[in-house]
Amino acid sequence: MPQGLQQDSTAETTDPRIRRSRQMLMAALAKLLTQKSFDDVSIQEIAAEATLNRATFYLHYPDKNALLQAMTDVRFRDLIKRHGITFTDSNAALRAIALGVCDYLAETTGCPGQLARIPLEGSIIPVVEDMFKEGLALHGIAPGVDAALLATTAAWAVFGAARRWFQTPNRIPAEEMAARIETMVSPVLFGTSQ
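Every position in the sequence shown, counted from 1, becomes a number in our numbering once 954 is added.
Be a bit skeptical, because a hint or two may be false.
As the list claims (entries may be wrong) - Each pair of labels, with its calculated beta carbon distance range: (1) 1141 / 1031: 22 to 28 angstroms; (2) 1031 / 970: 17 to 23 angstroms; (3) 985 / 1137: 20 to 26 angstroms; (4) 1010 / 1134: 33 to 39 angstroms.
What the hints assert, rightly or not - Lysine-lysine pairs mimicking BS3-like chemistry, simulated, CA-CA at most 27 angstroms apart: (5) 1018 / 990; (6) 1018 / 1035; (7) 985 / 1035; (8) 1087 / 1018; (9) 985 / 1018; (10) 1035 / 1087.
No lab work stands behind these hints: they were computed from the structure. Computed from a predicted model, the values in this text were never measured in an experiment. Note that beta-carbon positions come from the ideal geometry of N, C-alpha and C, so glycine has one too.
Generate coordinates for the entire structure from the input sequences, incorporating the hints supplied.
Set out below in structure tokens:
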């Protein structure tokens, strides 16, 4: 990615040309995933489907995994907004994120075609990690605690529990599972904070 784009994150999020190109690339990947597996999709195919060239792809993403992660981030945050999930305090945020992951798994794996088989761990966990890092930065943690490791641990715990919930026949409602995840992960996440 060119230095100018890396350093000016405000321009990245506000320049309509950048947003439009990224949206086109995400839409192209989503369409291609309905036709073939993620591993079989090439960057050239994504660029062609988006009616952009490979150079434009590389201006925005270093590889197709980064595009998948960005697409997941947008879809996950959109899901949280659509469901009216709010982050009023630390515990409410944890429950909201857990509910969001449960809902995301249910929605994504209910999609037709190959979209249901995208590598979820590699795409959703970094998004959840970033959310936890943002929260920890706002609320602070005990001195000497590795915030990145704490966020990673909590993200994997939330995802793992949500995935097990999703794979269970006759599962409980997502809201109830989110409360259980909150109870289990809260001591890990907040036992060392503040």
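Now the hints, each set against the structure:
1. 1141 / 1031: 22 to 28 angstroms: holds, 26 angstroms
2. 1031 / 970: 17 to 23 angstroms: holds, 19 angstroms
3. 985 / 1137: 20 to 26 angstroms: violated, 40 angstroms
4. 1010 / 1134: 33 to 39 angstroms: violated, 44 angstroms
5. 1018 / 990: holds, 14 angstroms
6. 1018 / 1035: At roughly 26 angstroms apart (the allowed maximum being 27 angstroms), residue 1035 and residue 1018 satisfy the hint.
7. 985 / 1035: The hint holds at about 23 angstroms.
8. 1087 / 1018: Between residue 1087 and residue 1018 the Cα gap is close to 24 angstroms, so the pair holds against 27 angstroms.
9. 985 / 1018: holds, 14 angstroms
10. 1035 / 1087: holds, 19 angstroms
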